[in-house]
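Peer 1: Sequence:
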Amino acid sequence: MPPTLTIRRATISDVTNLLGLVEEYWRFENIPGYDPARVGLQLRRLLTETHLGGGWMALDNGTPVGYLLAVYVFSLEHLGLTAEVDELFVQPQVRAMGIGGKLLQAAEAAFITAGCTKVALQLARNNNSGRAFYSRHGYSSRSGYELLDKRLTAG
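Each residue of the sequence shown is one higher than the one before, counting from 410 in the numbering used here.
Fair warning: there could be bad hints in the mix.
To be verified - Okay, the calculated beta carbon distance ranges per label pair:
#	residue 1	residue 2	range
1	G547	N470	25 to 31 Å
2	T472	Y554	37 to 43 Å
3	E433	V480	19 to 25 Å
To be verified - Restricting the straight-line Cα-Cα distance to at most 25 Å, the calculated cross-link-like pairs of lysine to any residue (SDA-like) are:
#	residue 1	residue 2
4	K511	L428
5	K511	N470
6	K511	S538
7	K511	E458
8	K527	H487
9	K511	S550
10	K511	Q531
11	K511	G564
12	K559	N536
13	K559	L461
14	K511	A529
15	K527	A541
16	K527	L485
17	K559	G489
18	K559	D495
19	K527	K559
20	K527	S538
21	K559	R545
22	K511	E432
23	K559	P441
24	K559	L532
25	K511	V474
26	K559	R436
27	K511	N537
28	K511	R540
29	K527	G507
30	K527	Y554
31	K559	A529
32	K527	E493
33	K511	L485
34	K511	V480
No lab work stands behind these hints, which were simulated from the structure alone.
Keep in mind the model is a prediction, meaning the values are calculated, not measured.
Even for Gly, the Cβ is constructed at its ideal location relative to N, Cα and C.
Sequences and hints are given; from them, build the entire structure.
Peer 2: Next up, the structure:
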């Protein structure tokens, strides 16, 4: 881990820096539809409406090198508030230095403080390095379940 690394909660003043990292992550994951105005609006919402979740930044000597965004969901099945890691990204040039683990550790501590009973995340089926990373940090697939989703449109 870089000796100058700082992990901290993201604030509204981080949106510009987050937008650059989010764009890089979406390119990396081939997520379509990146629109900085729309993404920025939702980042501002997440970072100001703390009941929705939150964000964490990794900075190396003050330069943003990674982030984690999480949302909160109520689950009767899990008897309370759960956290979902929505996005976790560390720039390729500083991977394997412990930054992702430090982001997870900071977020998980906040989840516990918020009263979360569980944390979950989605992972691409072919993301073997991501799977190994999360496994090292205590995450495992939920036996017998798979994620289904549907895009909703107004009207």
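Peer 1: Indicate, hint by hint, whether the structure satisfies it.
Peer 2: Now for the hints, and whether the structure bears them out:
1. A hinted range of 25 to 31 Å holds for the C-beta pair G547 and N470, which are about 30 Å apart.
2. Our hint of 37 to 43 Å for T472 and Y554 holds, since their Cβ atoms are close to 39 Å apart.
3. Between E433 and V480 the beta carbon distance is about 21 Å. The supplied range of 19 to 25 Å therefore holds.
4. Distance restraint check for K511 and L428: the Cα-Cα separation of roughly 21 Å lies within the 25 Å cut-off, and the hinted pair is therefore satisfied.
5. With a C-alpha separation of about 16 Å, the suggested pairing of K511 with N470 holds against the 25 Å cut-off.
6. With a C-alpha separation of about 17 Å, the suggested pairing of K511 with S538 holds against the 25 Å cut-off.
7. Only pairs whose Cα atoms come within 25 Å are accepted, and K511 paired with E458 is accepted, the gap being roughly 24 Å.
8. For the proposed pair K527 and H487, the alpha carbon gap of about 7 Å is at most 25 Å, so the pair holds.
9. Straight-line distance between C-alpha atoms of K511 and S550 comes to about 21 Å, which keeps the hinted pair within the 25 Å bound.
10. Between K511 and Q531 the CA atoms are separated by roughly 19 Å; this keeps the pair inside 25 Å, and the hint holds.
11. Restraint check for K511 and G564: not satisfied, since their Cα atoms lie roughly 42 Å apart, outside the 25 Å limit.
12. Restraint check for K559 and N536: satisfied, since their Cα atoms lie roughly 22 Å apart, inside the 25 Å limit.
13. Between K559 and L461 the alpha-carbon distance is near 20 Å, which keeps this suggested pair within the 25 Å criterion.
14. A C-alpha spacing of about 17 Å is found between K511 and A529, which places the hinted pair at or below 25 Å, so the restraint holds.
15. Pair hint K527 plus A541 holds up; C-alpha atoms about 20 Å apart against a cutoff of 25 Å.
16. Among the hinted pairs, K527 with L485 is consistent with the structure: their alpha-carbon atoms are about 12 Å apart, no more than 25 Å.
17. At roughly 24 Å between alpha-carbon atoms, K559 and G489 fall within 25 Å of each other, so this suggested pair holds.
18. Simply put, K559 and D495 have alpha-carbon atoms about 16 Å apart, close enough for the 25 Å limit, and the pair holds.
19. For a cut-off of 25 Å, the pair hint linking K527 to K559 stands: about 23 Å separates their Cα positions.
20. Annotation: proposed proximity of K527 to S538 holds, straight-line Cα distance about 23 Å (limit 25 Å).
21. A threshold of 25 Å between alpha carbons decides the hint, and for K559 with R545 the separation of about 31 Å lies outside it, so the pair is violated.
22. Distance restraint check for K511 and E432: the Cα-Cα separation of roughly 22 Å lies within the 25 Å cut-off, and the hinted pair is therefore satisfied.
23. About 16 Å separates the Cα atoms of K559 and P441, which keeps this hinted pair within 25 Å; it holds.
24. Proximity of K559 to L532 is assessed by CA-CA distance (about 17 Å); at most 25 Å being required, the pair is judged to hold.
25. Simply put, K511 and V474 have alpha-carbon atoms about 12 Å apart, close enough for the 25 Å limit, and the pair holds.
26. At most 25 Å may separate the alpha-carbon atoms for a hinted pair to count; K559 and R436 meet this at roughly 22 Å.
27. In summary, the hint linking K511 to N537 is supported, as the alpha carbons are separated by about 20 Å, within the 25 Å threshold.
28. For the proposed pair K511 and R540, the alpha carbon gap of about 17 Å is at most 25 Å, so the pair holds.
29. This hinted pair checks out: K527 and G507 have alpha carbons roughly 23 Å apart, not beyond 25 Å.
30. For a cut-off of 25 Å, the pair hint linking K527 to Y554 stands: about 16 Å separates their Cα positions.
31. Proximity of K559 to A529 is assessed by CA-CA distance (about 19 Å); at most 25 Å being required, the pair is judged to hold.
32. Note on K527 and E493: the hinted pairing holds, with a Cα-Cα distance of about 8 Å set against a maximum of 25 Å.
33. This hinted pair does not check out: K511 and L485 have alpha carbons roughly 29 Å apart, beyond 25 Å.
34. With a C-alpha separation of about 18 Å, the suggested pair K511 and V480 falls inside the 25 Å cut-off, and the hint holds.
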